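Each protein sequence line maps, in turn, to chains A and B. Residue 3 in this note's numbering is what sits at position 3 of the first sequence, and the numbering runs on without skipping anything. Residue 176 in this note's numbering is what sits at position 176 of the second sequence, and the numbering runs on without skipping anything.
By construction, these hints were calculated from the structure, which means they are not laboratory data. Every value quoted in this text rests on a predicted model; they were computed, and no experiment measured them. Among the hints, a few may not be true.
Here chain B is said to cover these stretches of chain A; the calculated rule only asks that three of the stretch's residues, wherever they fall, bring their Cβ under 8 Å from a Cβ of chain B [as the list claims (entries may be wrong)]: (1) 3-17; (2) 81-89; (3) 109-119; (4) 123-130.
Only part of the chain A face toward chain B is listed, based on derived beta-carbon distances under 7 Å [what the hints assert, rightly or not]: (5) V44; (6) G189; (7) A193; (8) L197.
Every beta carbon over 12 Å from chain A, so not counted as near; a handful from chain B, in silico [said to hold, decoys possible]: (9) G28; (10) W33; (11) A49; (12) R68; (13) L95; (14) K99; (15) I126; (16) M138; (17) K141; (18) V183; (19) R193; (20) S218.
All residues carry an ideal CB built from backbone N, CA and C; glycine is no exception.
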Amino acid sequence: MVLINVVMGTLTAWVLVRYPFPGKGFVNALIDLPFAVPTVVTGVMLVALYGPSSTLGAILGKYGLGVIYQQPGIVLALLFVSYPFVIRSVQPVLHGLDGAEEEAAATLGASEWTTFWRITLPTLWPSIVTGAALSFSRALGEFGSVVMVAGNRPMSTKTAPMYIFGEIESGRRAEAMVVSTVLLACSLGILIALNLLQRRKGETLAR
Amino acid sequence: MPAESPSTAPLVLARPKALPLGRWFLTGIVLIWFAILILVPSIALVKRALDGGWGPFVSALMSEDAQRAFGLTLGITAIATVINMVFGLGFAIVLVRQKFWGKALADGLVDMPFAVSPIIAGLMLIVLYGPTGLFGPMIEKTGFRVVYALPGMVLASLFVTLPFVVREVVPVLREFGVEQEEVAYTLGAGRWRTFVRVTLPSIRWGLAYGVTLTIARSLGEFGALLVVSGNILGRTQTATLYVHDQIESFHPEGAYAASVVLAGASFLLLVGMEALRSRVAANEGH
């Protein structure tokens with residue numbers, strides 16, 4: 001999930017910054033939609049589109065490709081809610097690049113691909129990692145959209161936040177606290193790592 | 001060309017002889033991905049909500065439960081936004097202007113609500129204020145309920161939206177510096193007057209942006225509220241909980257209608273945010 005987001009997010013940021021195309025402002029504004037839309041509504045959207053009672057869902061179901069109440073639905077929901085992170089962290093850096101180094105590489109005979117691989121990507125790397133870590137931690141804790149599309153079947157479509165919620169509902173608070181602590185530790189770890197990364201980036205810039 | 005300004009550089013880079021095929025290909029992939037992920041589900045939702053025409057759509061929204069749920073959501077959002085605006089502003093000012101022990105820690109911990117799963121946020125509140133929680137029995141004795149009641153839900157919204165105002169105001173405030181305030185002091189203005197006439201106007205766009213984010217988030221908050229509220233029909237059911245409830249009880253029409261309203265509201269907020277963001281950018285520009 002994070003992998004898809006990293007590749008598509010970087011690509012999207014690249015296209016948004018570098019290539020002009022009609023409707024760009026529209027796309028650029030709607031990128032943030034997953035941040036603004038309530039997560040429950042995200043889930044409802046996916047149910048409306050892929051649910052068993054919809055046309056698309058019925059066609060997919062015929063071929064045995066269930067999306068809703070299955071793992072693909074969860075992946076789709078997580079992709080939706082974490083879509084903007086990588087784009088939004090890569091975009092400003094890409095904007096800030098003035099292209100001088102890339103042009104130098106091109107003058108020296110490097111192909112576009114080599115230029116991207118050897119010059120542009122290393123510059124973008126920290127921001128890609130930041131975006132990836134943010135979307136990872138968001139996906140870890142995501143609940144609202146997942147609860148709508150996952151059938152909550154143990155071992156197959158039950159994510160950690162759903163497990164916690166189930167334990168709270170059935171009055172087993174101790175179990176819920178244990179899992180919560182693990183999740184909390186994970187997301188705090190990511191947060192601290194990001195802070196360190198940013199501090200280091202600040203130092204490199206200051207030099 | 002080192003003198004090239006950033007805004008014109010991409011144009012220079014896009015050499016006409018570089019094959020445009022690859023560029024169209026990449027743009028195509030990105031647009032298709034965007035459409036599949038964002039656009040198509042949004043359109044599907046609107047289409048499903050209006051499947052039976054406007055009549056059922058309106059009547060689903062007019063039902064008493066839906067009305068109460070939306071009312072409650074608006075109420076909680078209003079309270080949480082006002083509180084967080086005041087405290088977020090104070091917090092930001094303290095973080096930027098004061099030096100105190102543990103400042104780095106406080107700075108880091110402000111972001112915690114972003115990293116914590118909303119479910120866990122709700123669980124924390126229950127552990128603290130629940131009937132068997134740490135402070136629960138004490139509060140219960142005074143006849144005041146927090147969990148499974150409005151105060152708990154407001155607390156949950158406050159928790160998840162705490163970082164927005166702080167995070168938006170801090171950089172603006174840092175950029176602004178203290179010179180203009182010092183000038184105001186020298187000219188004989190009091191502390192309060194300086195704040196209202198000098199500081200506040202200069203940070204107003206950052207503040208407005210943070211407030212918009214806060215509103216959007218508390219309108220749509222679900223996980224934390226689900227845990228804290230107990231979801232008592234008509235009493236602690238917010239709009240998002242209502243959507244969830246309608247799907248669970250196989251009344252998708254109600255869920256679709258309410259979702260469209262929520263999505264529409266967040267879309268409007270998004271448009272507002274874009275406008276604000278350009279204002280903020282323009283403000284920082286000069």
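Results for each hint:
Closer than 8 Å: that is the beta-carbon criterion, and the region 3-17 of chain A has 7 residues meeting it against chain B, so the requirement of 3 holds. Beta-carbon proximity to chain B at under 8 Å applies to 1 residues in the region 81-89 of chain A; the threshold of 3 is not reached and the given coverage is violated. For the region 109-119 of chain A, the stated coverage by chain B is violated: 1 residues have a C-beta nearer than 8 Å to a C-beta of that chain, whereas at least 3 were required. Judged by the Cβ-Cβ criterion of 8 Å, the region 123-130 of chain A is not covered by chain B as claimed, because only 0 of its residues qualify and three are needed.
Satisfaction of the interface hint for V44/A is found here, the shortest Cβ-Cβ separation to chain B being roughly 4 Å, below the 7 Å cut-off. A hinted interface residue such as G189/A counts as satisfied when its beta carbon comes closer than 7 Å to some beta carbon of chain B; here the least separation is about 9 Å, so the hint is violated. The criterion of a C-beta within 7 Å of any C-beta in chain B is not met by A193/A, whose closest approach is roughly 11 Å, and the hint is violated. The beta carbon of L197/A comes no nearer than 13 Å to any beta carbon in chain B, farther than 7 Å, and the hint placing it at the interface is violated.
Not every CB of chain A is more than 12 Å from the CB of G28/B (nearest about 9 Å), against its label as outside the interface. In this structure W33/B is not separated from chain A by more than 12 Å, as the shortest Cβ-Cβ distance comes to only about 5 Å. A Cβ of chain A approaches the Cβ of A49/B within 12 Å, the least distance being about 8 Å, so the stated non-interface status is violated. Against the 12 Å criterion, R68/B stays outside the reach of chain A, whose nearest CB is about 17 Å from its own CB.
The claim that L95/B lies off the interface holds: its Cβ sits roughly 15 Å from the closest Cβ of chain A, which is beyond the 12 Å cut-off. No beta-carbon of chain A comes within 12 Å of the beta-carbon of K99/B; the shortest separation is about 18 Å. Chain A draws I126/B into its interface by the beta-carbon criterion, the shortest separation being 7 Å against a cut-off of 12 Å. Consistency note on M138/B: stated as away from chain A, and its beta-carbon is indeed over 12 Å from all of that chain's, at 19 Å minimum.
In this structure K141/B is separated from chain A by more than 12 Å, as the shortest Cβ-Cβ distance comes to about 21 Å. The beta carbon of V183/B sits about 29 Å from the closest Cβ of chain A, which is more than 12 Å, so the claim that it is off the interface holds. Consistency note on R193/B: stated as away from chain A, and its beta-carbon is indeed over 12 Å from all of that chain's, at 36 Å minimum. Annotated as non-interface, S218/B brings its C-beta within 12 Å of a C-beta of chain A; the closest such distance is 10 Å.
Hints 2, 3, 4, 6, 7, 8, 9, 10, 11, 15 and 20, counting from the list given before, are not met by this structure.
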